[in-house]
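These are the residues of each chain, in order.
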Amino acid sequence: MTRTTQWVYGWLLLLPAAALLALFTHYPVVATAWHGLLSTPKGARPAVWVGLDNYRQLGADPIFWQALVNNTWFALWTIPASIALSLLMAVWINGRIAGRSFLRLAYFTPTILPMIAVANIWLFFYTPEYGLLEQVLGAFGAPSHNWLGSKSTALPALMVVTVWKEAGFFMIFYLAALQSMSPHLAEAAAIEGASRWYFFRRVTFPLLMPTTLFVLVNAVINAFRMVDHVVVMTRGGPDNATALLLYYIYEIGFRFWDSAYAAALTMVLLAILGLLALAQFWFLERRVHYQ
Amino acid sequence: MTHVYDTRGFARSLETTGAWLLGALWVLPLVYAFWTAFHPGEFSTRFVLSAPLTLSNFVKAWEAAPFARYFVNTILLVTMVLAAQLVLVTLAAYAFARFEFPGRKVLFALVLVQLMIMPDVLIVENYRTMAALGLKDTILAIGLPYMASAFGIFLLRQTFKTVPRELDEAARIEGCGPLAVLWKVYVPLARPVYLAYALVSVSYHWNNFLWPLVITNSVESRPLTVGLQVFASTDQGIDWSIITAATLLTTAPLLVAFLLFQRQFVQSFMRAGIR
Chain W
181 MTRTTQWVYG WLLLLPAAAL LALFTHYPVV ATAWHGLLST PKGARPAVWV GLDNYRQLGA
241 DPIFWQALVN NTWFALWTIP ASIALSLLMA VWINGRIAGR SFLRLAYFTP TILPMIAVAN
301 IWLFFYTPEY GLLEQVLGAF GAPSHNWLGS KSTALPALMV VTVWKEAGFF MIFYLAALQS
361 MSPHLAEAAA IEGASRWYFF RRVTFPLLMP TTLFVLVNAV INAFRMVDHV VVMTRGGPDN
421 ATALLLYYIY EIGFRFWDSA YAAALTMVLL AILGLLALAQ FWFLERRVHY Q
Chain F
416 MTHVYDTRGF ARSLETTGAW LLGALWVLPL VYAFWTAFHP GEFSTRFVLS APLTLSNFVK
476 AWEAAPFARY FVNTILLVTM VLAAQLVLVT LAAYAFARFE FPGRKVLFAL VLVQLMIMPD
536 VLIVENYRTM AALGLKDTIL AIGLPYMASA FGIFLLRQTF KTVPRELDEA ARIEGCGPLA
596 VLWKVYVPLA RPVYLAYALV SVSYHWNNFL WPLVITNSVE SRPLTVGLQV FASTDQGIDW
656 SIITAATLLT TAPLLVAFLL FQRQFVQSFM RAGIR
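As they're listed, the protein sequences go chains W and F.
The numbering of the first sequence is our numbering, which starts it at 181 and goes up by one.
The numbering of the second sequence is our numbering, which starts it at 416 and goes up by one.
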């Protein structure tokens with residue numbers, strides 16, 4: 181095959197996918213940046229150039245800041261919690277624990293169910309007065325509490341659902357990595373007299389680093405992408421205590437129909453994701469220990 | 416296989432207990448949902464073994480909302496998305512894996528952008544685009560942004576690269592053109608990866624919610640997830656038995672498929688994750 185036919189084939193094969201990617205990923209990113217500098221068209225009034233006005237509004241918008249803070253807390257709690265739990269699950273299932281196939285099923289099942297469905301189930305679980313949580317706590321004499329209705333517990337309640345949904349998913353990646361690890365490593369370490377915890381800390385965990393990084397990237401993206409449970413369980417309330425960034429974008433864009441302001445908000449989310457991508461490359465360059 | 420670091424005695428029972436407690440905690444919400452859905456409303460929060468079993472919650476849910484239509488919509492959606500993805504992703508992955516052309520590196524980097532910035536976060540602009548294309552409130556519009564999947568391109572490119580060049584060249588000597596080589600050599604060798612990708616894609620789009628919620632507005636185009644939400648939030652008040660029944664109903668095909676093909680599912684998700 182000549183060089184030119186190689187070129188033509190390469191481009192032609194790529195064309196359909198590239199066209200769709202350009203239309204629904206690259207163009208929207210550029211268009212978001214542009215629309216964030218215009219006003220929202222209203223009725224007969226077309227969009228006009230407003231410069232950074234949308235961003236000034238954003239800086240002065242307490243709900244935006246709250247959503248940002250909420251999202252940060254959400255990420256800071258759910259990511260380490262789900263990763264730690266998933267690692268624990270994987271270690272347990274990789275060992276010779278009784279009933280491991282049932283346990284694997286139990287841990288993994290939440291992963292394949294739609295978030296919207298499990299959110300409905302958890303909504304019932306958290307219901308004041310007669311939800312299961314209330315009944316169990318009531319049996320121990322705890323006072324009744326509206327978990328999703330009070331500002332201090334609504335966000336943690338959503339975090340629990342997220343960890344419950346994600347841990348089993350991450351578990352299988354750790355499980356795959358653990359199963360591909362040579363048993364000789366453990367034997368050698370045991371002969372040298374290393375304790376179990378020391379072996380885990382100094383051998384297993386470093387060898388799992390590529391998996392941890394992969395899981396971490398997924399967890400971070402999910403922390404900024406997954407808002408289905410917010411829509412179902414709290415709608416951002418009470419008093420914006422559970423407003424996450426993407427949920428706020430959805431509210432501004434599709435309940436208040438302020439598309440220009442929604443574009444400015446989307447830019448913030450895109451900037452966060454972009455920074456995380458850069459951080460990931462930087463981390464990949466220098467920290468990850470590949471076998 | 417021996418595990419030198421397996422625990423014994425008391426530590427071992429402690430660990431087993433911990434694993435089972437966590438497992439119980441993990442299935443509890445589901446068990447609870449099953450209990451509520453299969454018992455009459457007055458038993459939805461009273462757990463007595465003598466409570467009568469019933470299917471009436473499912474019947475009521477099925478009659479209260481057009482779930483049959485939602486099922487058709489979701490099945491159409493996942494089939495359409497998967498079919499388009501398989502074709503587009505195969506062609507693009509083949510180009511990246513086996514062809515030299517100017518701009519290959521830059522284009523590949525541009526594809527990978529979608530791994531970080533998924534269509535889920537671009538709902539505002541994509542809504543505008545769909546309105547301009549006149550596609551608002553159609554099943555096609557739900558699927559379109561996801562059809563060129565960066566994840567799929569990446570996954571298949573990695574697989575295609577492991578195919579020995581000799582096979583490729585042998586097929587060419589026999590007179591196959593590039594597309595025939597793709598079809599006869601690369602695609603058959605990547606079959607397990609296709610299966611893995613298909614399972615991940617189907618469960619993703621069966622479960623997807625926010626974008627369909629935004630772009631659909633009628634019974635004719637709504638997928639199950641959005642239909643369930645509309646049903647649970649407006650039509651129903653708070654009859655939990657019926658809502659839980661509807662919830663189980665909409666997830667049943669996926670749950671049954673998962674329980675039947677558990678091993679394939681787990682392996683597929685694993686395969687899709689290891690790059």
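To be clear, the hints were calculated from the coordinates, so they are not data collected in a lab.
Wrong hints could be hidden among the right ones.
Taking CB as the label site, the calculated pair distances span [as the list claims (entries may be wrong)]:
no., chain 1, residue 1, chain 2, residue 2, range
1, F, Asp552, W, Thr252, 45 to 53 angstroms
2, F, Glu457, W, Ala319, 43 to 51 angstroms
3, W, Thr185, F, Asp552, 50 to 58 angstroms
4, F, Glu515, W, Glu372, 45 to 53 angstroms
5, W, Lys222, F, Phe462, 26 to 34 angstroms
6, W, Pro386, F, Val578, 43 to 51 angstroms
7, W, Trp214, F, Leu530, 21 to 29 angstroms
8, W, Leu458, F, Pro467, 38 to 46 angstroms
9, W, Gln359, F, Leu429, 34 to 42 angstroms
Here a beta-carbon is modelled for each residue, glycine too, at the ideal position from N, C-alpha and C.
Cβ separation of W/Gln359 and F/Leu429, checked against the hinted range 34 to 42 angstroms = violated (24 angstroms)
Using the beta carbons of F/Asp552 and W/Thr252, state whether their distance is inside 45 to 53 angstroms or not.
-> violated (35 angstroms)
Evaluate the given range 50 to 58 angstroms for the C-beta pair formed by W/Thr185 and F/Asp552.
-> Hint violated: Cβ distance 44 angstroms, outside 50 to 58 angstroms.
Do the Cβ positions of F/Glu457 and W/Ala319 conform to the proposed distance bound of 43 to 51 angstroms?
-> violated (20 angstroms)
Go ahead and decide if the range 38 to 46 angstroms is satisfied by the Cβ distance of W/Leu458 to F/Pro467.
-> violated (60 angstroms)
Should the hint that W/Lys222 and F/Phe462 are 26 to 34 angstroms apart at their CB atoms be regarded as holding?
-> violated (55 angstroms)
Does the Cβ pair F/Glu515, W/Glu372 satisfy 45 to 53 angstroms?
-> holds (50 angstroms)
CB-CB spacing for F/Leu530 and W/Trp214 relative to the 21 to 29 angstroms hint = holds (24 angstroms)
W/Pro386 versus F/Val578 beta-carbon gap, inside 43 to 51 angstroms or not = violated (33 angstroms)
Going through the hint list in order, the structure does not satisfy hints 1, 2, 3, 5, 6, 8, 9.
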